[in-house]
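Heads up: the protein sequence lines correspond to chains A and B, in order.
To convert, note that position 167 of the first sequence is 167 in the working numbering; the numbers rise steadily by one, no gaps.
To convert, note that position 223 of the second sequence is 223 in the working numbering; the numbers rise steadily by one, no gaps.
Where hints are given, some of them may not hold.
[Unchecked claim] Distance windows between CB atoms, simulated:
{"no.": "1", "chain 1": "A", "residue 1": "311", "chain 2": "B", "residue 2": "176", "range": "40 to 50 Å"}
{"no.": "2", "chain 1": "B", "residue 1": "191", "chain 2": "A", "residue 2": "159", "range": "41 to 51 Å"}
{"no.": "3", "chain 1": "A", "residue 1": "294", "chain 2": "B", "residue 2": "173", "range": "34 to 44 Å"}
{"no.": "4", "chain 1": "A", "residue 1": "170", "chain 2": "B", "residue 2": "222", "range": "27 to 37 Å"}
FYI, nobody ran anything at the bench for these hints, they're computed from the structure.
Glycine included, every Cβ here is placed at the ideal spot set by N, Cα and C.
For reference, the chains in residue letters:
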Amino acid sequence: MTTVTPEAYEAAFDAAVAADERIEPRDWMPDAYRASLVRQMAQHAHSEIIGMQPEANWITRAPSLRRKAILMAKVQDEAGHGLYLYSAAETLGTSRDELLDKLHTGRQKYSSIFNYPTLTWADVGAIGWLVDGAAITNQVPLCRCSYGPYARAMVRICKEESFHQRQGYELLLALSQGTPEQHAMAQDAVDRWWWPSLMMFGPPDDASAHSAQSMAWKIKRHSNDELRQRFVDICVPQAEALGLALPDPDLRWNEERGHHDFGEIDWSEFQEVLKGNGPCNEQRITQRRRAHEAGAWVREAAAAYAAKNRSAAQHTETGEATA
Amino acid sequence: MTSTSVPAAALALGDDALVLSHRLGEWAGHAPVLEEEVALANIALDLLGQARVLLSLVGDEDELAYLRDEREFRNLQLVEQPNGDFAHTIARQFYFSGYQALLYETLASGDGPFAGLAAKAVKEVAYHRDHAEHWMARLGDGTAESHQRMQRACEALWRFTGEMFQPVEGLGFDLETLEPAWLAYVTGVLKKATLTVPDGPRKGAWSAGAGRQGLHTEPFGRMIAEMQHLRRSHPGASW
């Protein structure tokens with residue numbers, strides 16, 4: 001009987017990652033890899049769930065039945081994405097209940113972007129275009145992430161996100177080409193969402209705590225700054241097509257780099273939002289907790305009912321076996 | 001059936017779906033469990049789809065939804081009732097989807113102007129009814145607290161159920177004929193869920209048939225104020 005040494009496990013894992021093979025739930029993996037994935041996937045799932053709030057804020061006020069249907073479908077998709085991601089995270093040995101508890105008690109985070117308020121209908125379009133656009137730029141590379149269940153969840157999620165992003169863009173276009181008031185509403189929304197969207201890529205590379213390790217493990221494929229640059233380059237022509245300005249006086253094409261230069265992000269604002277001092281941090285988490293607490297009796301009822309029926313089924317089975 | 005009476009029926013059924021869809025949309029981000037975020041939004045979307053088809057038979061769906069006043073809406077008072085707790089929402093779904101299932105089955109089996117629409121809606125409504133029925137059982141036969149909440153919700157909404165069987169002009173059949181089947185269905189599900197059939201009146205002096213005449217309960221005005229505000233603030237704009 002041969003014993004496999006821990007070193008051999010580690011070497012096999014490293015070789016699999018190097019060969020771009022997928023790590024699956026039953027495979028050995030370093031504890032830190034597991035912990036890092038749980039952290040990232042939980043944060044991702046939480047972002048889908050908290051991210052329902054700023055948009056749901058406009059469901060009851062959507063200005064046409066078509067837009068209302070699109071928005072409801074989108075918020076429904078987000079709940080679905082949350083479900084996929086919690087399931088994917090559960091393959092790493094945690095549970096949805098445990099992760100939700102960590103969200104509710106502030107031990108795990110969600111994307112800082114959802115701490116900004118949706119003040120007008122145009123914000124729904126700006127979220128679709130910019131926030132979903134940034135999310136897609138971040139997430140498409142995750143479809144090739146080394147952890148199989150996460151990569152597969154992302155394939156499905158990215159398809160739906162791209163659809164939402166186009167709808168958001170189309171919503172803004174309708175406003176931009178509408179009445180002067182609608183155009184102003186669209187511009188105001190873009191003014192308020194542009195910088196927070198750029199912050200979605202995380203801190204600059206030289207200040208990113210997890211980046212190097214995540215890239216070595218092929219959880220992450222590109223650096224924060226690379227993805228942010230890619231996003232800016234994509235958005236500039238889209239903003240032109242929309243007839244809306246991006247609120248950055250330093251934004252210009254740099255022929256030499258073949259990219260757009262852009263202004264400095266206000267990292268102090270980013271830090272404040274991360275610390276819980278953004279405009280809606282308190283409101284978002286309070287609503288989440290309240291929904292969970294107010295629903296406790298419903299979940300308890302479902303569990304009690306299931307237990308009763310399970311034991312009833314067992315009695316029936318036993319009865320049949322002895323009959 | 002006269003062709004001019006069809007819009008009255010389409011408006012009544014369309015308003016029911018529109019208003020209930022709106023109420024369910026208010027749950028987004030507040031549901032007790034993630035699966036219910038998905039389920040309630042799903043039902044809301046089905047209903048909104050039905051509303052759009054029905055209102056389009058009458059005129060422009062958005063003008064009808066956003067520019068009519070409270071007294072011009074023809075929905076049942078049942079569907080405009082505020083969500084309350086989860087049991088309240090489930091009781092409303094249970095009473096209404098049980099009714100809607102019978103209604104659409106009847107319409108789908110005929111050859112009237114609603115047969116095509118009803119044939120599609122029957123499948124959706126079967127899902128809605130199934131969803132409500134399961135929750136009736138879980139909550140009714142769950143814990144002592146859930147049982148009490150479910151019983152209370154069923155009683156609170158009972159007085160709005162008679163209105164469902166008031167005549168609707170242009171429907172092509174007498175809604176009253178569905179009432180025994182509905183009562184039998186509701187009684188069966190309540191019993192299975194260990195709940196008692198409410199014994200109060202189903203047709204109050206005020207509530208009987210009132211929604212169909214444009215007489216609504218107080219929360220409804222606030223609901224449509226929120227629903228219509230943006231649209232009305234920008235007359236003539238398109239979205």
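> Does the Cβ-Cβ separation between residue 294/A and residue 173/B fall within 34 to 44 Å?
Replying inline: holds (41 Å)
> Is it true that the C-beta distance of residue 170/A to residue 222/B lies inside 27 to 37 Å, as the hint says?
Replying inline: At roughly 31 Å between Cβ atoms, residue 222/B and residue 170/A fall inside 27 to 37 Å, so the hint holds.
> So the hint says 40 to 50 Å: do the beta-carbon atoms of residue 311/A and residue 176/B match that?
Replying inline: Since residue 311/A and residue 176/B have Cβ atoms about 44 Å apart, the given range 40 to 50 Å holds.
>> Against the range 41 to 51 Å, how does the distance between the Cβ atoms of residue 191/B and residue 159/A compare: consistent or not?
In response: holds (45 Å)
Checked against the numbered hints above, the structure violates none of them.
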